[in-house]
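Once you've looked at the hints, dock chain B against the given chain A.
First to last, the sequence lines map onto chains A and B. If you count the first sequence from 1, position 10 lands on 7 in the numbering used here, and the numbers rise without skipping. If you count the second sequence from 1, position 317 lands on 320 in the numbering used here, and the numbers rise without skipping.
Be aware that a few hints might be false.
[What the hints assert, rightly or not] DSS-like, lysine-lysine: derived pairs with alpha carbons at most 25 Å apart:
#1 317/B to 69/A
#2 111/A to 16/A
#3 317/B to 176/B
#4 69/A to 176/B
#5 11/B to 29/B
#6 176/B to 29/B
Please keep in mind that the hints were generated in silico from the structure rather than gathered at the bench. Please read these numbers as outputs of a predicted model, since none were measured by experiment.
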Amino acid sequence: MTVPRPLPATDRDTEPFWKGGAAGKLLIERCEACHTLIHPPTGFCPQCESRDTAPHAVSGRATVTSCTVNHKQWMPGLPVPYVLALVTLQEQDDVRLATNIVDCDPESVFIGMKVIVRFEPVQDLWVPLFAPLEHGA
Amino acid sequence: MSTAYPEKQTAITGIGQSRISRGADKSALGLTIDAAMQAIGNAGLKRSDIDGMATWPGDRADGSGFSDVGIPALQDALRIAVNWYSNCSETAGQFGALFNAIGAISAGLARHVLIFRTMYEATARKTGFANALNLPGQRVRGGFNWYAPYHTYAAATQQALFFAAYVHESGIKPEQVARIALNGRRNAGLNPAAVYRTPITMDDYFASPIISTPLRLFDCDVPIDGATAIILSHSDAARDLPNPVTRIEAVGSSMRYRNSWTQLDALATQGQPHVAEMMWNRTDLTTADVDVAELYDGFSFHTINWLENFGFCKRFEAGDFIGDGSRIALEGELPINTNGGALSAGRMHAYGQVHEACTQLWGQGEARQVKGEPRVAALSTAGGPLAGCFLLVRE
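Bound conformation, chain B alone:
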């Protein structure tokens, strides 16, 4: 029986988020402190209750804004004493930090883990060429070095290769792809914290510049300054805390393809199929039980891939599933990216989705609250060989 899986003994007990903006009035660490203190308070805890910390990917110390705050800076700023802490970047996407925290709690190493993700790319881009995969004049190391000489300066150009393969194999129509961006912007209009809230039309989508075919500007998420924090606790402790007990029901963290941005076996589906399969194998729930889905949208086609790989529709049929957008809208049978997603609310890099899933499950979505007291949320992250997912269940 699937109740034995240890993630079921953990629960999200608190959430916090700094102001999300296209240029912050405080430092990256300042934003992180805002999010962390809000999450600790939201969980009904004190700093002294936190005995574990986790983040993805840790301090890059490169000034790009991709990850300027690591555990040591935040731990020292808050004077938190921990039994266990870890960053991790070679893992199942951004959720790897959360998966590690599940392991730590299950092993008895920690009871309340502060997990955070901070981005400072909006400010970094005002002072330099941020988030560059490759820069002229330097010899490139690491996983992207096979792309180095080919003018692959940004994720958009590289990831467009996956999107092009998907379009080729699925035959999805551009107006179906556009619905992901339009849906996000509509939801962002109901979210006061979103960075882009002005409605966009289909005409606006097709008028937006092509970045790298078939990706248009509105298919790409928005670099921001901001931090998100969540508290993951042992579910025994969660029962004594103010928020509704919201368990991790199942996780998907596998990597069965070649772990490579060039050699990844299935370009059109990215690394997601086995990850979703693992998650469903660890629960008795099915797609029919999911009330709301917060699907990674670093690029619009990531969300499209996840619709298929989670099994909400068949492989290469997401275009028809999306249709005119009504099915994935707030009022639809599967509301997705209810805060506007990374495309319109800003690139909180998967932790925006965690924050929003809890907001919805706790009935605090206000103008964007989905109907019917949602109980089960599906969450996913990342692209290329990176993929991770989990189910959240409010008891």
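With the rest of the complex left out, here is chain A:
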């Protein structure tokens, strides 16, 4: 993309997620007491109310829960089409990530598709992207 990716403001809760890619890891906050994954990270386990949480490296494997092929060029220089998706982590049904599905024909992406994470460094962050599993395994 020739339009630079806008970036999220990070804080002490979210920074591990956006910087884990530096070590090739997708870091999701996890409750150390009951191992529930907590996303977005909050430092509080909604299952057992523990405050003992820490970033945990997950497999990076996920399933496309919904996807759209964006055709509209919202600003000059924005390459289209591209895929915006919501993917659900293999480890837990209620952890969903917004992402782009890359390294494939946009029209080939479908709900239920298995995908795997990869990272794109942008400034001081590593943006998690996903690609079809058969290309990335």
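Frame of chain A; chain B shown alone:
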């Protein structure tokens, strides 16, 4: 018995609307003053009678046109003295302002509340990239920041994720979806205030560009310059005013899913099911009592979702319910979006629906008036985790 719910003690007593256009000849505040003064006059009131003000979401002060007028500017312009005022953006969609006003009236804080919603997006888009969720070069805060790096510049791309999930689970056909846009445009043709009135055909729909699959251009509402105002009063006071007494019968304002644009539990239905359930639990009326439905159509599929979540048809059967469009037409058993909706009349952001519901219940729809002296209107708003709804009943 459901008569105890306080919303039943409130009534819409006046409505007003500025000129709706793709480029206004006056300021956003000027449009808001037009709508407010018209609503106050329509209610048979004077400025000095207004003792409360409410709006959604308040002055954003960002120049995007999404919400350039807040309560302080309008209150000062009209020199209105109030006992209570409030904007609110973290609430059950745009109707949150109205729900707050119900609370204020019920608590005895106000008797006549001026509620307004102003949009100035048509002009804003001529001078900059308006309504951007994310802009390159800035670090994004707030609820959309999880979408920030993924080139999610407009609601259309983000909301297409909900629509895609709905299409996947329901199997609705594109020609059934198209009927929402065609119905709106047909009704807009009978509404002199609508911004797009030229009829469109099924061929026109399929020739319109895809914005973000499965959303086409004609599935997206139209950014406009315009303001809508309504007066919500205590029903005791309403009985002395010129318009027919038109009560709020029941409201739905809940949020029981995860309140998140990424983690929302049910993508295909959005936040609506529990909201509709709450509303029906606060009334003895049923879907069979509804004469006209003004269903939010920021995108066409919002209306489709509401048809199901209100219970006008079963889950994932709205496509067959819509069919060839005759059931939802002005002459049909459930006329919807009778002024053309946001898709063709313009993005008045749910307050267009309130204005139109009153117009219909008061028999003032002229060429687009639905038959049989409608008495009950169902209204809904918003998408994603935002959802709100209510029933209006003319006594």
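Given hint residue 16/A paired with residue 111/A - CA-CA distance at most 25 Å:
24 Å, holds
Pairwise hint evaluation, residue 69/A against residue 317/B, where the allowed Cα distance is 25 Å at most:
Violated - the C-alpha atoms of residue 69/A and residue 317/B are around 33 Å apart, more than 25 Å.
Restraint check for residue 11/B with residue 29/B, where alpha carbons must lie at most 25 Å apart:
Given that 25 Å is the threshold and the Cα spacing comes to 37 Å, the pair is violated.
Between residue 69/A and residue 176/B, is the straight-line Cα distance small enough, at 25 Å or below?
22 Å, holds
Keeping to a limit of 25 Å between CA atoms, is the pair of residue 317/B and residue 176/B held or broken?
Between residue 317/B and residue 176/B the Cα gap is close to 16 Å, so the pair holds against 25 Å.
Are residue 176/B and residue 29/B close enough, with their CA atoms no more than 25 Å apart?
Roughly 42 Å separates the two Cα atoms, so the pair is violated.
Hint check: violations occur at hints 1, 5 and 6; the rest are consistent with the structure.
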